[in-house]
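Start from the sequences and build out the full structure, keeping to the hints where you can.
Protein chains in written order, with the working numbering: chain L, 1 to 210; chain H, 1 to 338.
Hints were generated in silico from the structure; no laboratory data involved.
A quick note: this is a predicted structure, and the numbers were derived from the prediction, not measured.
Glycine included, C-beta positions come from ideal geometry on N, C-alpha and C.
Please note that a few of the clues may not be correct.
[Stated by the list, open to error] On the chain H side, residues computed to face chain L include the following (Cβ under 8 Å):
| # | residue |
| --- | --- |
| 1 | Leu110 |
| 2 | Ile113 |
| 3 | Val115 |
| 4 | Leu118 |
| 5 | Phe121 |
| 6 | Ala122 |
| 7 | Ser125 |
| 8 | Val128 |
| 9 | Val155 |
| 10 | Ser156 |
[Claimed, not checked] Pair by pair, the computed Cβ-Cβ distance ranges are:
| # | chain 1 | residue 1 | chain 2 | residue 2 | range |
| --- | --- | --- | --- | --- | --- |
| 11 | H | Val66 | L | Gly95 | 55 to 61 Å |
| 12 | H | Trp310 | L | Phe110 | 42 to 48 Å |
| 13 | L | Gln183 | H | Trp333 | 40 to 46 Å |
| 14 | H | Met44 | L | Gln183 | 53 to 59 Å |
| 15 | L | Asp174 | H | Gln185 | 21 to 27 Å |
| 16 | H | Val97 | L | Ala164 | 31 to 37 Å |
| 17 | H | Trp310 | L | Leu77 | 22 to 28 Å |
| 18 | L | Ala164 | H | Ala295 | 36 to 42 Å |
| 19 | L | Gly95 | H | Gly332 | 54 to 60 Å |
| 20 | L | Lys172 | H | Gln185 | 50 to 56 Å |
| 21 | H | Ile74 | L | Phe110 | 49 to 55 Å |
| 22 | L | Leu77 | H | Ala82 | 16 to 22 Å |
| 23 | H | Asn112 | L | Leu102 | 52 to 58 Å |
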Amino acid sequence: MIVQAICFYLFAAVAVASGVLVITARNPVHSVLFLILAFFNSAGLFVLLGAEFLAMILVIVYVGAVAVLFLFVVMMLDIDFAKLREGVVRYLPIGATVGIILAVELILVFGAWAFAPAVNQSLAAPMPQAHVTNTAALGDLLYTKYAYAFQASGVILLIAMIGAIVLTLRHKPDARRQNIAEQVSRNRASAIELVKVKTGEGVGEGQGVR
Amino acid sequence: MTDFWSGYFWPTIITILEVLLIAVVIAVSMAYLTYFERKVLALMQRRKGPNVIGPFGLLQPWADAVKLITKETIIPSGANTAIFLIAPMVLFTLSLVAWAVIPFGDGMVLANINVGILYLFAISSLGVYGIIMAGWASNSKYAFLGGLRSAAQMVSYEVSIGFVLVTVLLCVGSLNLSKIVLAQQHLWFFIPLFPMFIVFFISGLAETNRAPFDLPEGESELVAGFFVEYSSMSFALFYLGEYVNMILMSAMTSILFLGGWLPPFGITPAHAPYGTIWFVLKVCFVLFAFLWVRATFPRYRYDQLMRLGWKVFLPLSLFWLVLTAGVLVWTGWLPVGA
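This is the structure:
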């Protein structure tokens, strides 16, 4: 038990510390790297909870894909730090309001857990008994009870993806594109023309070129 | 107090010894993979390859290691020192930790976790950070371009690798690597899933930045890509990481498609040591194929690489995934997972 407790406090402390560093680091690339560290430690917390599937998915999706693209963009930006800090006082009230709302909501949710243990019995889907891996348990719920919600979120993601493509797609009529089938199907007859060149006259316009 | 000794202390010591054993074996195989690569390439190009140091040049990797260690570590003045130094460590550590879940034989695995294949996928998708951090921290245009290329390439090919993994999982019904091997007792998966085997192998080449997809390093246009500013041991760590990743990708191919430690046609028993020998032979075969490809094909152009990943492999693997699922449901062979 004591080893688990040590692991929990280690992961939790590093997660919180790197979360703070995300917003205080001067260099945005360092911020993203601290964000990745925070994701990692949350994955560690999931493992301690026995939710190994969620832990792996967190690492694959957020660290392996989302944060890579994020880092990609942030590295290419040329950010003026002095300008970035100018508006802090102006936007502070809005940021603080959002933060306080989130904090109150979290306190309400977890407070209910602590003060009224009976809440546990009203869970829609309690943890299944042992000898069911949590991958199977999640699948059983997602594809049966929550099938419609699951499909709906899939459709929303698809629409977002199509939207992103539509917004960024530009047709360039003068862009040269490679047609691999055409290249491969070229043969000697269609690619080469032998021209007898007379001395002193050269090759005529358009001759010998295909 | 006895609880502490038997419950924590001795298991921890044993695990540390196992970890060291695996790490040493991997490091030595990596060293001889460089020798193997140089010999295979030399023989394919009708040269002799390393043959001076030791019998048949067998001590060449050690000579290279000593040379790299004794060189001076140079940190460019414009570099971001902390990230510059962390990047090679990240790459090398990630290439080693993945071995924790690889089963070398029947029951011979350090951590037999339920989600082994997801763990492997997660770790291999993290490898890109070492490269992208190195590219950015070097503060050099060649290194930066190499890092960006590598990031785009690895993210692209991960998608089709993911679909291939899901197809294999559909046939197994478990995410545990040992169960994936045991599910192939009658038929290795490369026969029914042959197109996926090919997609996985080629994506593996791209994921490990090997020829013909070694654009991040592209000597001809980027000098050496993301590690152009590195020297001495920090360079050696990149090199080590790349080769360990190659061995890891070969081990994954063997486990997913070539039956892991299972002997072909049951000609020997599957238990130790036969199983491990078969596993090593399969890994060596896939590694040979990696080198064979390098000696044979010219480097892809960047747009061709992206086209292959997104326009060929992604639809193909998606189609095979749906087809496999359909066939399994239709014939009633779908394994009911534990």
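These are the hints, each one checked on the structure:
1. A distance limit of 8 Å between C-beta atoms decides the matter here; for H:Leu110 the minimum to chain L is near 16 Å, and the interface restraint is violated.
2. Using the Cβ-Cβ criterion of 8 Å, the hint placing H:Ile113 at the interface with chain L is satisfied: the shortest such distance is roughly 7 Å.
3. Interface hint at H:Val115: satisfied, since its Cβ lies 5 Å from the closest Cβ of chain L, which is below the 8 Å cut-off.
4. With 8 Å as the threshold, the beta carbon of H:Leu118 comes within range of chain L, its nearest partner Cβ sitting at about 4 Å, so the hint holds.
5. With 8 Å as the threshold, the beta carbon of H:Phe121 comes within range of chain L, its nearest partner Cβ sitting at about 6 Å, so the hint holds.
6. Taken as an interface hint, H:Ala122 checks out: its beta carbon lies about 4 Å from the nearest beta carbon of chain L, inside 8 Å.
7. The beta carbon of H:Ser125 comes within 3 Å of a beta carbon in chain L, closer than 8 Å, and the hint placing it at the interface holds.
8. For the restraint placing H:Val128 at the interface with chain L, the shortest Cβ-Cβ distance is roughly 6 Å, inside the 8 Å limit, so the hint holds.
9. A least Cβ separation of about 6 Å between H:Val155 and chain L falls short of the 8 Å threshold, and the interface hint therefore holds.
10. Annotation: H:Ser156 was flagged as interfacial toward chain L, and the flag is violated, the nearest CB pair being 11 Å apart, outside 8 Å.
11. The hint said 55 to 61 Å for the Cβ distance between H:Val66 and L:Gly95, and at roughly 56 Å that hint holds.
12. One distance hint, 42 to 48 Å for the beta-carbon pair H:Trp310 and L:Phe110, holds here, with the actual separation near 43 Å.
13. Under the hint 40 to 46 Å, the C-beta atoms of L:Gln183 and H:Trp333, about 42 Å apart, fit the expected range.
14. The beta-carbon spacing between H:Met44 and L:Gln183, approximately 27 Å, falls outside the hinted interval of 53 to 59 Å.
15. The supplied range of 21 to 27 Å is broken by L:Asp174 and H:Gln185, whose beta-carbon atoms lie about 58 Å from each other.
16. At roughly 34 Å, the beta carbons of H:Val97 and L:Ala164 sit within the given window of 31 to 37 Å.
17. Evaluation of the 22 to 28 Å hint for H:Trp310 and L:Leu77 yields a pass: the beta carbon distance comes to about 25 Å.
18. At about 41 Å, the beta-carbon gap between L:Ala164 and H:Ala295 stays in the expected band of 36 to 42 Å.
19. At about 57 Å, the beta-carbon gap between L:Gly95 and H:Gly332 stays in the expected band of 54 to 60 Å.
20. Look at L:Lys172 against H:Gln185: about 54 Å separates their beta carbons, and that is inside 50 to 56 Å.
21. Checked against the hint of 49 to 55 Å, the C-beta distance between H:Ile74 and L:Phe110 comes to roughly 51 Å, which is consistent with it.
22. A hinted range of 16 to 22 Å holds for the C-beta pair L:Leu77 and H:Ala82, which are about 20 Å apart.
23. Taken as a hint, the range 52 to 58 Å is violated for the pair H:Asn112 and L:Leu102, whose Cβ atoms sit roughly 40 Å apart.
Of the numbered hints listed earlier, those contradicted by the structure are 1, 10, 14, 15 and 23.
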